[in-house]
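Residue numbers (the numbering used here), protein chains in the order written: chain D, 17 to 343; chain W, 123 to 475.
Just so you know, not all the hints are guaranteed correct.
As the list claims (entries may be wrong) - So these bits of chain D aren't anywhere near chain W, every CB distance computed over 10 Å:
hint : residue
1    : Leu91
2    : Asp108
3    : Met120
4    : Gln124
5    : Gly197
6    : Leu326
Said to hold, decoys possible - Incomplete in silico selection of chain D near chain W, CB under 8 Å:
hint : residue
7    : Leu77
8    : Leu119
9    : Gly122
10   : Asp182
11   : Ile191
12   : Asn194
13   : Leu311
14   : Ala334
15   : Tyr341
Stated by the list, open to error - Selected chain D positions facing chain W (Cβ under 7 Å, derived; list incomplete):
hint : residue
16   : Val82
17   : Ile84
18   : Gly85
19   : Asn112
20   : Arg118
21   : Ser121
22   : Asn155
23   : Pro157
24   : Gly158
25   : Asp181
26   : Ala323
27   : Ala324
28   : Thr343
To be clear, the hints were calculated from the coordinates, so they are not data collected in a lab. All residues carry an ideal CB built from backbone N, CA and C; glycine is no exception.
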Amino acid sequence: MAKLSFREALNQAMDEEMARDERVFLMGEEVGHYDGAYKVSQGLLAKYGERRVVDTPITELSFAGVGIGASMVGLRPIIEMMTFNFCILALDQIWNNAAKMRLMSGGQYNVPIVFRGPNGAAHMLSAQHSQATENWFCNVPGLKVVSPATPGDGKGLLKAAIRDDDPVIFLESEIMYNDVGEVPDAEDHVLALGKAHVVREGKDVTLIGYSHGLKAVVAAAEALAKDGIDAEVIDLRTLRPLDMETIARSVRKTHRVVTVEEGWPFGGIGAELAYRIQHALFEYLDAPVTRVTQLDMPMPYAENLEAACLPNARDVIAAARAVSYRT
Amino acid sequence: MAKTEQAATCDAEATEQVGREKLRGFLQQMQLIRRFEERAAREYASGRISGFCHLYIGQEGVAVGALGALEPRDHVITAYRDHGHALLRGCTPRAVMAELMGKVTGAARGRGGSMHMFNPEQRFHGGHGIVGGHIPLATGFAFASAYEQRGDVTLCFFGEGAMNQGAFYESLNLASLWNLPAVYVIENNQYAMGTPLSRASAISDLAMKATAFGMEGEVVDGMDVTLVNACIARAAKRAREEHRPTLIEARCYRFRGHSMSDPAKYRTKDEVDERKAHDPITLATHTLLERKWASEDEVKGWDDEAKDAAADAAEFAADSPQPSLSDLGRYVYAEPLSWRLDDAMTPHVREEG
Ligand SMILES: Cc1ncc(C[n+]2csc(CCOP(=O)(O)OP(=O)(O)O)c2C)c(N)n1
Ligand SMILES: [Mg+2]
Numbered sequence: 017m018a019k020l021s022f023r024e025a026l027n028q029a030m031d032e033e034m035a036r037d038e039r040v041f042l043m044g045e046e047v048g049h050y051d052g053a054y055k056v057s058q059g060l061l062a063k064y065g066e067r068r069v070v071d072t073p074i075t076e077l078s079f080a081g082v083g084i085g086a087s088m089v090g091l092r093p094i095i096e097m098m099t100f101n102f103c104i105l106a107l108d109q110i111w112n113n114a115a116k117m118r119l120m121s122g123g124q125y126n127v128p129i130v131f132r133g134p135n136g137a138a139h140m141l142s143a144q145h146s147q148a149t150e151n152w153f154c155n156v157p158g159l160k161v162v163s164p165a166t167p168g169d170g171k172g173l174l175k176a177a178i179r180d181d182d183p184v185i186f187l188e189s190e191i192m193y194n195d196v197g198e199v200p201d202a203e204d205h206v207l208a209l210g211k212a213h214v215v216r217e218g219k220d221v222t223l224i225g226y227s228h229g230l231k232a233v234v235a236a237a238e239a240l241a242k243d244g245i246d247a248e249v250i251d252l253r254t255l256r257p258l259d260m261e262t263i264a265r266s267v268r269k270t271h272r273v274v275t276v277e278e279g280w281p282f283g284g285i286g287a288e289l290a291y292r293i294q295h296a297l298f299e300y301l302d303a304p305v306t307r308v309t310q311l312d313m314p315m316p317y318a319e320n321l322e323a324a325c326l327p328n329a330r331d332v333i334a335a336a337r338a339v340s341y342r343t
Numbered sequence: 123m124a125k126t127e128q129a130a131t132c133d134a135e136a137t138e139q140v141g142r143e144k145l146r147g148f149l150q151q152m153q154l155i156r157r158f159e160e161r162a163a164r165e166y167a168s169g170r171i172s173g174f175c176h177l178y179i180g181q182e183g184v185a186v187g188a189l190g191a192l193e194p195r196d197h198v199i200t201a202y203r204d205h206g207h208a209l210l211r212g213c214t215p216r217a218v219m220a221e222l223m224g225k226v227t228g229a230a231r232g233r234g235g236s237m238h239m240f241n242p243e244q245r246f247h248g249g250h251g252i253v254g255g256h257i258p259l260a261t262g263f264a265f266a267s268a269y270e271q272r273g274d275v276t277l278c279f280f281g282e283g284a285m286n287q288g289a290f291y292e293s294l295n296l297a298s299l300w301n302l303p304a305v306y307v308i309e310n311n312q313y314a315m316g317t318p319l320s321r322a323s324a325i326s327d328l329a330m331k332a333t334a335f336g337m338e339g340e341v342v343d344g345m346d347v348t349l350v351n352a353c354i355a356r357a358a359k360r361a362r363e364e365h366r367p368t369l370i371e372a373r374c375y376r377f378r379g380h381s382m383s384d385p386a387k388y389r390t391k392d393e394v395d396e397r398k399a400h401d402p403i404t405l406a407t408h409t410l411l412e413r414k415w416a417s418e419d420e421v422k423g424w425d426d427e428a429k430d431a432a433a434d435a436a437e438f439a440a441d442s443p444q445p446s447l448s449d450l451g452r453y454v455y456a457e458p459l460s461w462r463l464d465d466a467m468t469p470h471v472r473e474e475g
């Protein structure tokens, strides 16, 4: 095991996959000569050259589409979005082309492409640069959506995403690139997509989170433990498809669920989880599923207002206590 | 615009260049597309075809001339007005008609319909319904050709309406910037649904837009299959040998409404009649007859064959089964969906009918 930053882990994943498969290339704004807006692609241009590390103009729509086209005829592109806020300009390509090509053609195309980059609020960037976009992508059948919470998972999941034959939206946290964690050295550290991970076992309440939101969940679980509430923590890792088996196993044990996300509530990940859990596991529930989300408003700039909008460990603790009827 | 006083034959020089054999083939291809679509229109009227159905009637010279200038390894992509392109790229009349009727024997196994014909084996990549949305895909095919240094070329068709989309401008900039082997063909049939070019584009000489990307631009009479063929041959050569993209404006006209539901009240009958005098099929027919490259009997024979093929396709399609409901969850991901077990998110239960 090596200790690597999230940035290094993702870089390694791309590096290894590019070395392994000539068809893999990286394309996006500032990925090459600038070494990446967040330095995730650092050194790749020097190693692989301009053919395989392709700087683009600021044209998200077209380079997303170029990647999709290239994937339809046999290449395996990694498209970096400088941040997913800007991916909104490419939504037509991803939604209408990447996600639907297989179905529209009656199964005649693979679309093995990864769209990756930072997602969610960072710190004091205001409304247009602080968006959690995962639920938009999750709404689209044909896409897979992955959002890792640790450097080790980041590497294993990104490698899996690159090797997958379907389009994968790979959402990194803009404020976790410097986080350091254990990363297996093995070349074949590839984690299965669609599998959640039980981070902490517990029997009293299930806390479900992912990506940066998982930090609040883990912190909450530790605090709750001191208070006699033994929380089970699930890291979703993949948001689409959802690993309902792992969730169900946990809910049958704890009978209580809190979901945590840094996106908006309306039609969010928690909304979907709550529906599925009550639909499939109604008789196991001892309390309504409760969700913790960002407040339902565009993100303001001021430090205190931003902090008030984002979910934190206190919110998770309060929700966990509420579903445990311990206030 | 097609010149009114131009005699009802193809351009003499381009005709020489194309030659007897090829022109005979072009006429037969145009006849097949025409008769096929006329048949499709009848099937639509009878209720056996539903959904959006955009006929290519009047524009056949563009696809036939253009695809006739390509090699089999070259890539082709177009918008929703795609029956002709599909037929030229190995989708059989049966497969296209079956797709129109939503049958499992269709070119997309009944998942695509009129707007989404595909045949990747012969490098025909659809069939796309978002106006302008496929232009970046074409650019991606050309990118892949350059990446793998394969020497194949991508031909991308779209309407003059699509040309106003951002996707067009972004894609052509990339193609020129990266020296991609792509040929972009604006099929300027004068209308985007009911909106004439003059109400949608600030300029009418569309090939001029090429200048903005530092690429070659050319205008061609899209009603003359020989001129189209010569023009695309030049552009394909430029793409293949010089790795330079080209923008082509093929001036043409659709004789029918935008789709089956459009009575086309935004234009006069006189206008349509005037255009019909330059029907690409008539031009090619007259040219062949005048040069004695074909006899009237031959032309009539080909036309009958085209009608027969269309009738056979309709019969085949009507007799074909719908896709099996048990396959409903296929083709969404590489692995078939198993949503009923997976996540309890659909209470639907559908029995095979
Ligand atoms: C992005 C988008 N906007 C609107 C439409 C609806 N629409 C379908 S065809 C069409 C006209 C397009 O005209 P043109 O590009 O000239 O192609 P033509 O139909 O003449 O072949 C419109 C507006 C669409 N399919 N996609
Ligand atoms: Mg048009």
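Evaluation of the provided hints:
1. At roughly 5 Å, the least C-beta separation between Leu91 (chain D) and chain W is not larger than 10 Å, which violates its mark as non-interface.
2. With a minimum CB-CB distance of about 6 Å to chain W, Asp108 (chain D) fails to clear the 10 Å threshold, and the non-interface call is violated.
3. Its beta-carbon lying about 4 Å from the closest one in chain W, Met120 (chain D) breaks the requirement of being farther than 10 Å from that chain.
4. The non-interface label for Gln124 (chain D) is inconsistent with chain W: the shortest C-beta to C-beta separation is roughly 5 Å, within 10 Å.
5. Listed as a non-interface residue, Gly197 (chain D) keeps its Cβ farther than 10 Å from every Cβ of chain W; the least gap is roughly 30 Å.
6. Residue placement check: Leu326 (chain D) keeps its beta carbon more than 10 Å from all beta carbons of chain W (closest about 28 Å).
7. With 8 Å as the threshold, the beta carbon of Leu77 (chain D) comes within range of chain W, its nearest partner Cβ sitting at about 6 Å, so the hint holds.
8. For Leu119 (chain D), the interface hint holds, since its Cβ comes within 8 Å of a Cβ in chain W; the closest pair sits about 5 Å apart.
9. Nearest Cβ of chain W to the Cβ of Gly122 (chain D): about 3 Å, under the 8 Å cut. The hint holds.
10. Because the smallest distance between the Cβ of Asp182 (chain D) and any Cβ of chain W comes to about 5 Å, under 8 Å, the interface hint for this residue holds.
11. Taking 8 Å as the C-beta cut-off, the interface hint given for Ile191 (chain D) is violated, the closest approach to chain W being about 30 Å.
12. Hint status for Asn194 (chain D): violated, given a least beta-carbon distance of 33 Å to chain W, over 8 Å.
13. Among the interface hints, the one on Leu311 (chain D) is violated; its C-beta lies about 27 Å from the nearest C-beta in chain W, farther than the 8 Å criterion.
14. A distance limit of 8 Å between C-beta atoms decides the matter here; for Ala334 (chain D) the minimum to chain W is near 28 Å, and the interface restraint is violated.
15. Because the beta carbon of Tyr341 (chain D) sits about 26 Å from the nearest beta carbon in chain W, more than 8 Å, this interface hint is broken.
16. With a least beta-carbon distance of about 4 Å to chain W, the hint placing Val82 (chain D) at the interface is held under the 7 Å criterion.
17. Against a cut-off of 7 Å between C-beta atoms, the interface hint on Ile84 (chain D) holds, since the closest Cβ of chain W lies about 6 Å away.
18. Residue-level restraint check for Gly85 (chain D) holds (minimum Cβ-Cβ distance to chain W is 2 Å; threshold 7 Å).
19. Hint status for Asn112 (chain D) relative to chain W: holds, with the closest Cβ pair at about 5 Å, below 7 Å.
20. Nearest Cβ of chain W to the Cβ of Arg118 (chain D): about 5 Å, under the 7 Å cut. The hint holds.
21. Given the 7 Å rule on beta carbons, the hint for Ser121 (chain D) holds: about 4 Å separates it from the nearest Cβ of chain W.
22. The interface hint given for Asn155 (chain D) is violated, since its Cβ lies 12 Å from the closest Cβ of chain W, which is over the 7 Å cut-off.
23. With 7 Å as the threshold, the beta carbon of Pro157 (chain D) comes within range of chain W, its nearest partner Cβ sitting at about 5 Å, so the hint holds.
24. Against a cut-off of 7 Å between C-beta atoms, the interface hint on Gly158 (chain D) holds, since the closest Cβ of chain W lies about 6 Å away.
25. With its C-beta approaching chain W no nearer than about 4 Å, Asp181 (chain D) sits inside the 7 Å limit, and its interface hint holds.
26. The beta carbon of Ala323 (chain D) is not positioned within 7 Å of any beta carbon in chain W (closest approach about 34 Å), and the interface hint is therefore violated.
27. Restraint check, Ala324 (chain D) versus chain W: the minimum CB separation of about 33 Å is more than 7 Å; hint violated.
28. Given hint, Thr343 (chain D) at the interface with chain W, is violated; its Cβ is 31 Å from that chain's nearest Cβ, farther than 7 Å.
Checked against the numbered hints above, the structure breaks hints 1, 2, 3, 4, 11, 12, 13, 14, 15, 22, 26, 27 and 28 and satisfies the rest.
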